[in-house]
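Q: This is what each chain is made of:
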Amino acid sequence: MTTTLSEAQSKLLLQPYELPFLQERLVDTALQAVTAAEEIGLPVVAKLCGDTIAHKTERGLVKLGLRNAADVNRASEELFAAATDADGPVQVLIAPMVSASRELIAGAVRDPQFGPTVLLGVGGILAEAISDVVVRLAPLSAIDALEMVESMSSQALLGEFRGEPAVDREALCRVLLALSGAIIESESIVSIDLNPLMIVDGLPIAVDALVEVDELLEEGIR
Amino acid sequence: MSWRNDQFSALFDPAGIIVAGASTHPGKFGFVVLHNIISCGYQGNLYATNREGSEVLGRETLRSISEVPDGSADLLFVCTPAATNVELLKEAAAKGVRAAFIASAGYGESDAEGMRRQDELVALADELGILILGPNGQGLVSTPSSLCAQIVAPYPPAGSIGIASQSGNFVSSFMNLSRQSGVGVSRAVSVGNAAQVGVLDALEFFAEDPHTSVGLIYVEGIPDGREFAERLGAVARRMPVVVLKGGTTASGAQAAASHTGSLATDDKVFDGLCAQFGIVRATTLTEAFDCAAAIVGQPLPRGPRTAVVTTVGGWGVVTADALSQTSLELVPLPDDLRDTLDSLLPPRWSRSNPIDMAGGETKDTVPEVLRAVVGHPDVDAVIMLGVGIQSNQGALERNGPFYPEHGLERIVAFHDRQDRRYVETAVEVSVEFGKPVLVATELAIADPANAAVAAMREAGRFCFPSADRAVIALDQLNRLQSWRERRGLPPFSS
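As given, the protein sequences belong to chains D and X, one line each in that order.
Residue numbering for the first sequence follows this note's numbering, starting at 1 and increasing by one per position.
Residue numbering for the second sequence follows this note's numbering, starting at 1 and increasing by one per position.
Hints are computed from structural coordinates only; laboratory data are not their basis.
Hints are not guaranteed to be accurate.
To be verified - Here are some chain D residues pointing at chain X (derived, C-beta under 8 angstroms):
#: 1; residue: GLY107
#: 2; residue: ASP111
#: 3; residue: GLY115
#: 4; residue: LEU126
#: 5; residue: ILE130
#: 6; residue: VAL133
#: 7; residue: ILE143
#: 8; residue: SER191
To be verified - Derived Cβ-Cβ restraints for the label pairs, each shown as a range:
#: 9; chain 1: D; residue 1: GLU187; chain 2: X; residue 2: PRO332; range: 45 to 55 angstroms
#: 10; chain 1: D; residue 1: ASP168; chain 2: X; residue 2: PRO332; range: 54 to 64 angstroms
#: 11; chain 1: X; residue 1: GLY247; chain 2: D; residue 2: ILE125; range: 27 to 37 angstroms
#: 12; chain 1: X; residue 1: GLU432; chain 2: D; residue 2: ASP168; range: 43 to 53 angstroms
#: 13; chain 1: D; residue 1: ALA166; chain 2: X; residue 2: ASP339; range: 33 to 43 angstroms
#: 14; chain 1: D; residue 1: ALA166; chain 2: X; residue 2: ARG237; range: 28 to 38 angstroms
#: 15; chain 1: X; residue 1: PRO332; chain 2: D; residue 2: ARG169; range: 21 to 31 angstroms
#: 16; chain 1: D; residue 1: LEU216; chain 2: X; residue 2: SER327; range: 13 to 23 angstroms
#: 17; chain 1: X; residue 1: ARG238; chain 2: D; residue 2: ALA166; range: 34 to 44 angstroms
#: 18; chain 1: D; residue 1: ASP168; chain 2: X; residue 2: PRO144; range: 47 to 57 angstroms
As the list claims (entries may be wrong) - A short list of chain X residues far from chain D (calculated; beta carbon distances all over 12 angstroms):
#: 19; residue: LYS28
#: 20; residue: ASN45
#: 21; residue: ARG51
#: 22; residue: ALA93
#: 23; residue: LEU128
#: 24; residue: ILE222
#: 25; residue: GLY261
#: 26; residue: GLY272
#: 27; residue: ARG302
#: 28; residue: GLY313
#: 29; residue: SER327
#: 30; residue: GLY488
Since the model is a prediction, treat every value here as computed from it, not as a measurement.
All C-beta atoms, glycine included, are put in the ideal place defined by N, C-alpha and C.
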């Protein structure tokens, strides 16, 4: 049996691998949310987080583009109110609002036949339809990582794009190597999704992270 | 695993063969395999067993393996029913047999009882130190030993492509392409149920085999993907390997709780591991053979800079278009090369790459241009088009009602000579400068007797039946070479 960790737990598990996550705060009240938002810098995103909440978007538990204290306050109150008993203890996560015209997906998955693999692809809502995806077996060498980036069909997407700089390929390679390290070192990890991996000023930013773990192997981690 | 390679030597270069279950019925495997072994010229000891001791193909047979002189055969070819094979194997081992090809069906591919029999056979073979290929396979070919131990045709020309396949029919297909092109085969084996050893074991032998310079494999099921990838990768560092995989459209059977899991289909993973381990992955049967045949006998390109040379117009443009979709680069003509070509060609030539010679000027123009282009340091590879045109017209004239009058005899001979020269020059400069020169014409299929096509065949080089196929193969070769270069591996010695 596998279980999907919450976003916060997922990011905690991935902390040693220096993935490009945003600076974010977990808060317990709407008031704390406003303070956190002001410290991080507006606009922000608010998400409801709990150990059992994995797929937030489907339940409307992500509030985007909160531009001022009043927005943050109202959104946080709505999120806390939306929590159900089944969700268990919850917190609200406040993160900077980033927007990007380019979204990639990066991840790792333990393939039943081939063992640990790392994936890079075009992300966003068209990911499956476009299916521009490159996979390699982990562990990756630096050359493997570079070749993954080069192997994507949508090279135009990685160059200068709509007034934004080209994607920093080295930074993208660091993400892939970090994913490789994580799935090689943590036997309990079944899969990692960094989706979307937004390209902001040419740099990859992991806005969300979901880690799926093997429950039996994971006992030791908790 | 050198004991394994010794066993593979017994399989492919046996000093003697026992065909167990030779049949008097020309429709039976036990007849066909004996027929093929004798007909294709195997020179070693040959024994055949038949229950009644009947003569087969005019040869005496033995009633049992026990009658074979000790130590005179090291390969056993088995066509007998599955139930009898355990005894056969024991008798054969006592005679010094070290390898067996089991063509018999009724094993793991059939039912639970068959699977039990197969396990029993493997356990016994392991105990006896016998290499088993099959069961349920079509056989093997080994041109260095003039050996066609197969229950099907064809027997290919000799060469250095080593074939191993999970499907016997793909072995036949690859060998038919070998016959068509003249680019020959060293060893070929269909592994059937791969009960004891499989495609990878054969491939590992090929990597050690001085007769084999490229591995060409067909696989469907990959039970242990990780081990498969790592072993295949280890071979691919030492010898070029071309793989065709069946079942690529089957979607991943992963419980895709994650987005990544659902995107990482089996095919994407296989594609990725090939790119990662320097394995040439072909998408079609012809592409697989094209790539293997292109690698044989000519160096890999040192880089992507490609020149397209045509005797006359049309083809070059389309080939350049195809090239632009690949890792190859249509090299802008260097000024000094353009100057050289200006001095050799009529003013109407293209003056850019693709190099359209516009029919040339003198009888020496095409060879001189080829030499200048292939020899230029800024050119890594050349695709040569438009050969065989003259001798194609020559063939029409030779077979027409006016030949040899009206000066036809002389001009036809001239055409043939010219086309032969073009191709011989292409091969010569390719060797001299260590660069691939791929020649393409549909005459490779339309008229194998065409002077240009025949000259390619005689040189042991692949004549591509179309320019687009040459582009696809050259792209694969370029990617293989750049994979090696990046990892600090030396070029393959050809």
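Q: Does each hint hold? Answer for all of them.
A: Status of each hint after checking the structure:
1. This hint holds: GLY107(D) has a C-beta 3 angstroms from the nearest C-beta of chain X, less than the 8 angstroms allowed.
2. This hint holds: ASP111(D) has a C-beta 6 angstroms from the nearest C-beta of chain X, less than the 8 angstroms allowed.
3. The interface hint given for GLY115(D) holds, since its Cβ lies 4 angstroms from the closest Cβ of chain X, which is under the 8 angstroms cut-off.
4. Taking 8 angstroms as the C-beta cut-off, the interface hint given for LEU126(D) is violated, the closest approach to chain X being about 12 angstroms.
5. Violation of the interface hint for ILE130(D) is found here, the shortest Cβ-Cβ separation to chain X being roughly 10 angstroms, above the 8 angstroms cut-off.
6. The criterion of a C-beta within 8 angstroms of any C-beta in chain X is met by VAL133(D), whose closest approach is roughly 5 angstroms, and the hint holds.
7. Hint status for ILE143(D): holds, given a least beta-carbon distance of 5 angstroms to chain X, under 8 angstroms.
8. Hint status for SER191(D): holds, given a least beta-carbon distance of 4 angstroms to chain X, under 8 angstroms.
9. The hinted window of 45 to 55 angstroms between GLU187(D) and PRO332(X) holds, with their beta carbons roughly 53 angstroms apart.
10. Range check, ASP168(D) to PRO332(X): about 30 angstroms between beta-carbon atoms, so the 54 to 64 angstroms window is missed.
11. Separated by about 30 angstroms at the C-beta atoms, GLY247(X) and ILE125(D) satisfy the suggested range of 27 to 37 angstroms.
12. Checked against the given bound of 43 to 53 angstroms, the beta carbons of GLU432(X) and ASP168(D), roughly 44 angstroms apart, stay inside it.
13. In this structure the supplied range 33 to 43 angstroms holds for ALA166(D) paired with ASP339(X), their Cβ-Cβ distance being about 38 angstroms.
14. About 33 angstroms separates the C-beta atoms of ALA166(D) and ARG237(X), a value consistent with the hinted range of 28 to 38 angstroms.
15. Our hint of 21 to 31 angstroms for PRO332(X) and ARG169(D) holds, since their Cβ atoms are close to 26 angstroms apart.
16. Distance hint check for LEU216(D) and SER327(X): the Cβ-Cβ separation is about 45 angstroms, which falls outside the suggested range of 13 to 23 angstroms.
17. ARG238(X) and ALA166(D) have their C-beta atoms about 38 angstroms apart, which keeps the hinted 34 to 44 angstroms range intact.
18. Range check, ASP168(D) to PRO144(X): about 54 angstroms between beta-carbon atoms, so the 47 to 57 angstroms window is met.
19. LYS28(X), annotated as away from the interface, keeps every beta carbon of chain D farther than 12 angstroms; the closest lies near 39 angstroms.
20. No beta-carbon of chain D comes within 12 angstroms of the beta-carbon of ASN45(X); the shortest separation is about 44 angstroms.
21. Remark: the non-interface label on ARG51(X) is consistent with the geometry, its nearest Cβ contact in chain D lying 45 angstroms away (cut-off 12 angstroms).
22. At roughly 36 angstroms, the least C-beta separation between ALA93(X) and chain D is larger than 12 angstroms, which holds for a residue marked as non-interface.
23. Every beta carbon of chain D lies more than 12 angstroms from that of LEU128(X), the smallest distance being close to 32 angstroms; the non-interface claim holds.
24. Listed as a non-interface residue, ILE222(X) fails to keep its Cβ farther than 12 angstroms from every Cβ of chain D; the least gap is roughly 7 angstroms.
25. Consistency note on GLY261(X): stated as away from chain D, yet its beta-carbon is not over 12 angstroms from all of that chain's, at 5 angstroms minimum.
26. For GLY272(X), the shortest C-beta to C-beta distance to chain D comes to about 4 angstroms, within the 12 angstroms cut-off, and the non-interface label is violated.
27. Every CB of chain D is more than 12 angstroms from the CB of ARG302(X) (nearest about 18 angstroms), matching its label as outside the interface.
28. Taking the minimum C-beta to C-beta distance to chain D, about 32 angstroms, the non-interface status of GLY313(X) holds against the 12 angstroms cut.
29. For SER327(X), the non-interface assignment is contradicted: its Cβ lies about 10 angstroms from the closest Cβ of chain D, within the 12 angstroms cut-off.
30. Distance to chain D contradicts GLY488(X) as a non-interface residue, since its nearest Cβ pair spans about 10 angstroms, not more than 12 angstroms.
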